[in-house]
Each structure stands twice: as structure tokens, then as C-alpha cells.
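My request is simple: use the sequences and hints to build the entire structure.
Protein chains in written order, with UniProt numbering: chain A, 1 to 313; chain B, 1 to 316.
Honestly, I wouldn't trust all of these hints.
Stretch-level coverage of chain A by chain B, calculated; a stretch enters the list once three of its residues show a Cβ under 8 Å from a Cβ in chain B [unchecked claim]: (1) 115-126; (2) 134-140; (3) 148-158; (4) 194-207.
A short list of chain A residues far from chain B (calculated; beta carbon distances all over 12 Å) [to be verified]: (5) T51; (6) R91; (7) F103; (8) L215; (9) G225; (10) D257; (11) E277; (12) K285; (13) K290.
Derived by calculation from the structure, the hints in this document are not laboratory data. Because the structure is a prediction, the values reported are computed rather than measured. Note that the Cβ used here is the ideal one computed from N, Cα and C, for glycine as well.
Residues per chain are reported as follows:
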Amino acid sequence: MADETLSLKKAFSGHGGFGVDETTMAAMVTKWRKQPDQKSRFRSDFSGFFTKIGSIEKCEDDYLLRLKTEFSRFKNIMVLWLMHPWERDARWMHHVMHKSYPFTVIVEIACTRTSEELLGAKRAYQALFNHSVEEDVAYHIKESYSKLLVGLVSSFRYEGPQVDNDMAKWEAKALGNVIKSSGSGKLIQNEEVIRILTTRSKRHLKATFKHYKELHGKPIEEDLGANLCLQETVKCIDKPAKYFSEAINIAFKEGADKPSKLSLTRVIISRADVDMEEIKETYHKQFGVKLEDMITKNTHGHYKDTLLTLIGK
Amino acid sequence: MATLRVPPAVPSPQEDCEQLHKAFEGWGTNEKLIISVLAHRNAAQRKAIRDAYQATYGKDLLESLLHETHGDFEKIVLLWTLEPSERDALLANEAATKWHPANRVLIEIACARSSQDLFTVRCAYHKQYKRSLEEDVAAHTKADFRKLLLPLVSAYRYEGEEVNMHLAKSEAKLLHDKISDKAYSDEEVIRVLTTRSKPQLIATFNQYNNEFGNPINKDLKSDPKDDYLAALRAVVRLICCPEKYFEKVIRLSLNKLGTDETALTRIVATRAEVDLKLIKEVYQSRNSVPLENAVKHDTHRHYEDMLLALLGSDQN
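Shown next, in the form of C-alpha cells:
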């Protein structure tokens, strides 16, 4: 009996984790058929979910909202799985402005998709929302990092093999000078920084970052101060697998907020067919644990099964 | 809208490329023959001719044209023969790498092409120059001009017809406030001009005029010598009424002592398949003479013949 109670509690997200265990729930309906006492005992035993007003039993509103989120993880991942990648990216970008997703999602999409994929996402955005993503980002986001963000979504980077190595060296030096002379708050709005990060090709930027490390003895991320937007931009361009593995790690952390947890679905769905193997390797190296083990331990039900399949388990 | 005249029965690309080859053969070049073919084919037909020429004679038609023609005629024939996106990429590359404050070619390309066409130009630019247009514009322009030109060439404006009148009113007021404060390169000004859709902007400019009694360009004329303000005025004009903008450039290019062939060539070649007819009408109404007369007066020989052909006024 105690076992059944525990497993049903877990199934209803009573012990944390992502998603709900639909199979266990359905099995319990069968087991506890025509046993109202069992259910009554379960309710007394689950104070996060159930409470009392006087002698009247009721569900906690907070918990109901939480259940809504957990139940819908499977629905969301299935719909996203079927959706065209352009529509997915367009909707995620739209959520940044209309559903308080973190602005880093725009950095992520603008910097880790190919030029063609980003164009597709922008066209889907226009078709879905009757505005261009550039006008919406420029209009709705009024932060210090707005200029960088608009520049990033407007980019259509050259994707060929040619790199002007001398220019890359020169720009590494130029970035070093700007970083030295700018206050760290001003760095995010510096014209040269924005120009280089939003217009140069990815190959060129990787070369630039490499030269920076050789010139200054440390990777450029360490010199960007607490500038989250700049850090994420550099990471997404230079080491996307690392960026994604860290995003997944944040989702699994104790006390992660709702948007962080949503990253789990977004990262796995968007990278399943791209660089999931690399992300898994990076994750294992960085955090000392296999991604499939983290997922198995911390997620439930059909949501868990879907994630495991998508990462290639 | 277009002035290009294509004969009702067009020879095959193979026949055309053979004619052109004949025009190059022997001593001298038969410019009249070149004009009679190329100046009477649309972009798709010219591409087919180029492909046929490459397949038949093993070299690019443009190479032969470069070799066999000279001066202003060579420039216009080369520019004309290119595909519109390649042509714009070439013009943009010249304008970016040799940029100076009075150069408004980048603004012409960024504002007088559809969103999709501008994107095609950016693709052609990648192919041709192994860099993006944005990187070159960003690297070669400075200060206020870069602030304006970079987002302008990177724009991918929404192309629907919907207009939000409430937004048009508020953004008209925003522009007016900034202009009154002489904050011409303020981020909000740039934001509105470089991200809003064209119908939205036209509505905004109309609201500006309604609310504040002056068309926005009048208020942007506080210093007629300021190149940055001229650039802003060009943006407004090209979005609202490109044919008026182009008429003015043509008129000024023909007025100078000597003629600014570069501007004349560029506009005739880039607008012949778009709205050169409208531009001619504006010219006639503004100057009381047909554009062809001014062209005949100020240009000569094969260059003149090519211009007249593209204006739809030759005898062919």
C-alpha cells in the first residue's frame, strides 16, 4: 500500500522532476477501483496537492497550476516534434516578447541556426504574426542588449570556407582594446563589438576568438564580464554544444524556474537531428554524468520516453 | 511601368548568342547589333543567352562584352546584362567598399527593392564576394551613417498590407519629437525607419503630415548641406515614391556640366524592368520635356543608343 501511494505521488509530480507518469496513473485507477477509502487516504497523505478548508477537502491552486505544466510537457514535445522547424523557431522567438521567455532564446536561435534556417524562421514569423521579428524585437525589447539582439536576428552570415585571417587577427586585437577601455556595462552597446559579432561569418569569428586567446592568454568569454548576452553570443557561435549542454544542466538544477525547465524540451527537440551526439559527449565531460541517466532519474512517463528516444538512447 | 520592349517573337537563346558572337567577330564591334539583342530581352531571357553563350563558346558573355566594348557603353551593357540580384550586389559592393557620405546607392538598393529581392541580393553577394553585404557595409561606414546603413541593408521587412493606425500615430509623434530635438540618429528613429513595413511607414509619414502640418522631409531639411540628413530624406522618399527620387537623380545627373553617367547608367539599367515608365512621366511633368530629349542632348553614340533602347524609344 505504502509503495502504491509513493509511486502514485511520484506519478503526480509529488517528488519533483519533469512530466507525469501517465501509465502509473491509469494503472492506479484500475487498482483502486471502487475504493474511495484508498483515495481518501492518498489525499491525506499528499499535503502539497490536497488541503482542507474546515472540513471540506480541496486541491491547492498552486499545485493544480503545476500539474497543468507537468501534464502538458508531453503534449508540447509531441506537437513541437511534428511542427516544421521554422515554425518552432518563430514561435519560440515570439514567446520571448509575449510570454517572458528569456532573451537568451533569441541569441540561441539567431546564432546556432544556419543562415538558411534563420531566414526560414523569419519568414515563418512574418506569416504567423504579421510583423517582422526585427521590428518586434526592436520595439518590445528596450534593454541595454537590444541593439545586439536586433543585429543578431538581422544577420545573414556568409557560410563559405573563406576566412580573411589577417582581418580576424586585427579584429581580435580591436576587441581586446575595446574590452580594456570600456566599462563592462558599456561593452554591450559598443559599436565595434556589435559590428563584429553580428556581421562576420561564424568561421571568421571562431578564428577571431582563437587569435584572441593566443593574444591575451585567455578565452574572450572570461573578459566579457558579467555580460550574459555577450557571453551567450560568443558561446553559441563558438561552442554551441557547450551552450546546449549547459542549458540542459540549468534545467535539471534544484529550484530551476519555469523558463529554464522549458529549455529541456526546446534543446532536445531542436538539436535531436543536428548535434545531439556532440551535446551528449560534452554534457558527460562537463558534468560527469550521462545525459540519459539524468533524464531517466528526473523525468517521468511518456515525456521521459520521448526524450530518451530523441537523444538516441 | 517597365520601359523594356521585347519583340513579340523572340529568337531562341541559341540564335541570340550566335548573333552576339557575330557582333564581336572581326575588326571592331557591331554595337548596334548588341543593342538590338540585349536591350530587348528581359532578365530571364538574358540569363538564357548567357548560359547558351557559355555552353557554345566556352566563355562568359560578360567577358566578351568587357573585351569588345568600351567607355560608358561598356559600363551600361555590362550592368544591364547581369541578373538583377548580381547587378545590385555589384553596385552594393562598389558603394560599400568605396563609400563616402554623399553616396546613396546603398540606400537605393535597401529601400527600393522588395524584402525578398533584397534578400536575393544578399545571397548573390555571398556568392560573389565570399562575405556578407552587412560585414562590408559595417566595416566601411562610420558613425551615424553606419547606424543607419547597417540595419537598412540587413532589413527583412514584413510585406503584408496591414497598417496599425494607432502605431502610425504614435511613431509619427516619436519621429517628430526626435526631429525637433535634432536627435536625427536616435535609436528610435533608426528603429522605425529600418524595421517597419513599407505600408506602415507610409501611413506613419502621412500621419506626420496630418498632425504636424509639414511633410517629414521638410523638417529634415534644417541643414541642406548635411549628408546624413540627405540620407534620411532619401530613405523616406525611396519608401514613399521611388520614381520621384529616381527622377531627381536623373535630372541632376543630366544638369551637371558634363553628365554624371554613373548615376544615369545605374538608374536606367536598374529601373528599365521596374518603373522607368513612371520615372519618365515624372521627368516630363517636372521638366516639360521628355527624358529622351535630354538624353539625346547630353549623351552620344552607342551609350546614347543603349539608353534610348532601354527607355523604350529606339527604332527597333
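We went through each hint and held it up to the structure:
no. : hint    : verdict
1   : 115-126 : holds (count 3)
2   : 134-140 : holds (count 4)
3   : 148-158 : holds (count 7)
4   : 194-207 : holds (count 5)
5   : T51     : holds, 46 Å
6   : R91     : holds, 17 Å
7   : F103    : holds, 17 Å
8   : L215    : holds, 20 Å
9   : G225    : holds, 23 Å
10  : D257    : holds, 30 Å
11  : E277    : holds, 29 Å
12  : K285    : holds, 34 Å
13  : K290    : holds, 39 Å
Checked against the numbered hints above, the structure violates none of them.
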